[in-house]
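Colleague: Chain by chain, the residues run as shown.
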Amino acid sequence: IGEIQRFIRDDGSLKVSRSLKETANKVRKKKEELTKELNRVPTIQEIAKELELSPEDIVHAEEAAKLPHSIHETVFE
Amino acid sequence: MNTNMMRFSFSSQSRNEAFARVTVASFVSQLDPTMDELTEIKTVVSEAVTNSIIHGYNSDPDQMITIICALSDDEVELIIQDEGVGIPDVEEAMEPLYTSKPDLERSGMGFTIMENFMDHVYVHSREGEGTTVTMNKQFNRSKAMSQ
Amino acid sequence: MNTNMMRFSFSSQSRNEAFARVTVASFVSQLDPTMDELTEIKTVVSEAVTNSIIHGYNSDPDQMITIICALSDDEVELIIQDEGVGIPDVEEAMEPLYTSKPDLERSGMGFTIMENFMDHVYVHSREGEGTTVTMNKQFNRSKAMSQ
Ligand SMILES: Nc1ncnc2c1ncn2[C@@H]1O[C@H](COP(=O)(O)OP(=O)(O)O)[C@@H](O)[C@H]1O
Ligand SMILES: Nc1ncnc2c1ncn2[C@@H]1O[C@H](COP(=O)(O)OP(=O)(O)O)[C@@H](O)[C@H]1O
Ligand SMILES: [Mg+2]
Ligand SMILES: [Mg+2]
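Residue numbers (our numbering), protein chains in the order written: chain A, 1 to 77; chain B, 1 to 147; chain C, 1 to 147.
Calculated from the structure, these hints are not laboratory results.
A virtual CB, placed ideally from N, CA and C, is assigned to each residue, including glycine.
Be aware that one or more of the hints could be misleading.
Residues from chain B that keep clear of chain A, each with C-beta distances beyond 10 Å, as calculated [what the hints assert, rightly or not]:
hint, residue
1, SER14
2, ARG21
3, SER26
4, SER29
5, PRO33
6, THR34
7, MET35
8, ASP36
9, ILE54
10, LEU71
11, VAL90
12, LYS101
13, MET109
14, SER125
Calculated pairs, DSS-like style, for lysine-lysine (alpha carbon to alpha carbon, straight line, at most 25 Å) [said to hold, decoys possible]:
hint, chain 1, residue 1, chain 2, residue 2
15, A, LYS49, B, LYS101
16, A, LYS66, B, LYS101
17, A, LYS26, A, LYS66
Here are the in silico distance ranges between beta carbons for each label pair [said to hold, decoys possible]:
hint, chain 1, residue 1, chain 2, residue 2, range
18, B, THR99, C, GLY128, 48 to 58 Å
19, B, ASP74, A, LYS29, 48 to 58 Å
20, C, TYR122, B, MET94, 23 to 33 Å
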């Protein structure tokens, strides 16, 4: 039961893993958009400015999106 | 017990503040804290790093700041160090609103913010030798209590 | 000239590979590389860190890996170091497809990837003492040219 409770709680709360994944999705979309617009791959500053994030935060979000979702770790640990 | 640690040093330049914040945040992300907890950690890193740059090194960009971070289970220990001028009276420095640089429009709230966001804050400093701020925080506390 | 540097160490655990990638990439993001250049840097960090963990330390998780990164103008210098077993014959090790651990399904392409993505790769290694990989890259070349 403890595990199930944790599962429900984690699903509903703003865990870092989830929030970063949302940011990573925005970054991916913006990157596609700017690539079309500029006709070249955008720099990280160009994306950062559009999304009003720091370049460092963008790097962090992109990396986090690649990692397995924490729910798996929570449920199967 | 599951432990992991890292240590990093960087030039005392304000453009490295965001770098320091994210480096700690990405390491701490292993514990999958909530967004609020991560924001608190990032804020605390900013405050301590800014202090080392502005106060410890008087804005000399060629000095080094060191951060050590250790994780164990749901706890983080964070140490932020400089080899700058040091603090003559730590107790006074930690008082809310105290600042030695009112001319720079400092709020004097750096240490107060650190004490609010972390479970423990310990400052070791010697004039002419530098300052070490050691902080601890346990994650998921409020979550556990709210059940 | 405008220089900025950082240095960090972490334990030889594969979960720290992602951390090493973020740390280097977020520091290097100060030079405003393109997203592709940043991906290249991250790949190079992964390859070198994986080598240190798997080959240098034979997967012992309690050893340390050090990364040093220096930025100046539009150039990055990246040094990745371990104090592991070292490489008996560096020239052979750097050949495409060469691997000393075919049983682990290694591709033998790590050094080749590093050489492809960076302008210079220099490997210094001594048996029993460890390995240091030094790499350089200049950014925004293509961007500057396309203007
Ligand atoms: N790393 C440091 N080196 C030297 N002095 C420091 C350091 N950190 C804090 N101090 C001293 O403590 C005081 C209070 O710090 P803080 O609460 O962050 O307020 P503020 O930075 O706004 O002045 C500073 O004004 C400074 O005199
Ligand atoms: N840090 C290191 N310590 C010891 N040996 C290394 C290290 N890095 C590379 N090597 C040696 O060089 C070889 C080639 O490396 P690489 O091109 O990355 O291929 P792979 O990792 O797939 O074997 C490795 O198989 C190993 O023998
Ligand atoms: Mg302050
Ligand atoms: Mg390899």
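Colleague: Please name the hints from earlier in the document that this structure breaks, with their numbers sorted from lowest to highest.
Modeller: When the structure is compared with the hints, numbers 2, 3, 4, 5, 6, 7, 8, 15, 16, 19, 20 turn out to be violated.
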